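K.L.:
Sequence:
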Amino acid sequence: HRIMGLLAAVACIVAAITMRSPLMIFFDLTSLFVFVVGTLGLLAITYGRGALELRSAFRAWLLGADGGNKTPKDHLRIAGMAHDFGEFSILMGTIIMNIGHTQMLNNWSDSGKMFPALAVAVLSPLYGLLVHTFIALPLCLHHRRLAGEDESPRLRLLGVISINAGCGLFMWFLVLSDA
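Residue numbers (the numbering used here): 1 to 179.
The hints are simulated quantities; they were obtained by calculation from the structure and are not laboratory data. Keep in mind it's a predicted model, so treat the numbers as computed, not measured. C-beta: ideal position from N, C-alpha, C; glycine also. Careful: at least some of the hints might be erroneous.
Here are the in silico distance ranges between beta carbons for each label pair [said to hold, decoys possible]:
1. Met19 x Thr102: 18 to 24 Å
2. Leu126 x Leu7: 18 to 24 Å
3. Ile3 x Trp108: 26 to 32 Å
4. Pro72 x Ile17: 37 to 43 Å
5. Thr30 x Trp108: 18 to 24 Å
6. Arg145 x Ala11: 22 to 28 Å
7. Pro22 x Glu151: 38 to 44 Å
8. Phe170 x Glu53: 36 to 42 Å
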């Protein structure tokens, strides 16, 4: 049921994208590469080799091979790691967005260079939110339930997201005022 739920959620996003535009415009290889490497790097810096346990926990969650001989403490540790992974993905997306904004400002007079920078600025936070929503949060909640916890984790980065969304809106106003 988990694979079906994940596939249904992703299909919903893909359908929303393809209703108005081609799917490929939502893939910027540079942004995607920096996002993936940066997020996994933050996870490795924080947890060292223990970060590999998150990969096997995700695979087990997805395939329904839960539990095993893990204690509630183990499940809470994995839940915390999954939650951090989601937040790292959001942070990396906003860092890359700010890089895209800087690139836009540096190439203000050359739209051929400015619009690829805009793609970086817009797509990176989207990647972060998608990873957090479709991978990290469900995995975190699952392991919290296995540990016997009822309380859902809070999104601690709401301020970061809000500030960066405001910066993004400001950049859009700048772009549109020059058009």
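K.L.:
All hints are to be evaluated individually against the structure, with a verdict given for each.
P.N.:
Status of each hint after checking the structure:
Here the CB-CB span from Met19 to Thr102 is close to 32 Å, at odds with the stated 18 to 24 Å. Between Leu126 and Leu7 the Cβ separation comes to about 19 Å, which falls inside the hinted range of 18 to 24 Å. For the pair Ile3 and Trp108, the beta carbons lie near 46 Å from each other, so the given range of 26 to 32 Å is not met. Take Pro72 and Ile17: their Cβ atoms lie about 40 Å apart, and the range 37 to 43 Å holds.
Between Thr30 and Trp108 the C-beta distance comes to about 20 Å, which sits within the given range of 18 to 24 Å. A C-beta distance of roughly 25 Å is found between Arg145 and Ala11, which places it inside the suggested range of 22 to 28 Å. Range check, Pro22 to Glu151: about 42 Å between beta-carbon atoms, so the 38 to 44 Å window is met. Our hint of 36 to 42 Å for Phe170 and Glu53 holds, since their Cβ atoms are close to 41 Å apart.
Hints 1 and 3 from the list above are not met by this structure, while the remaining hints are.
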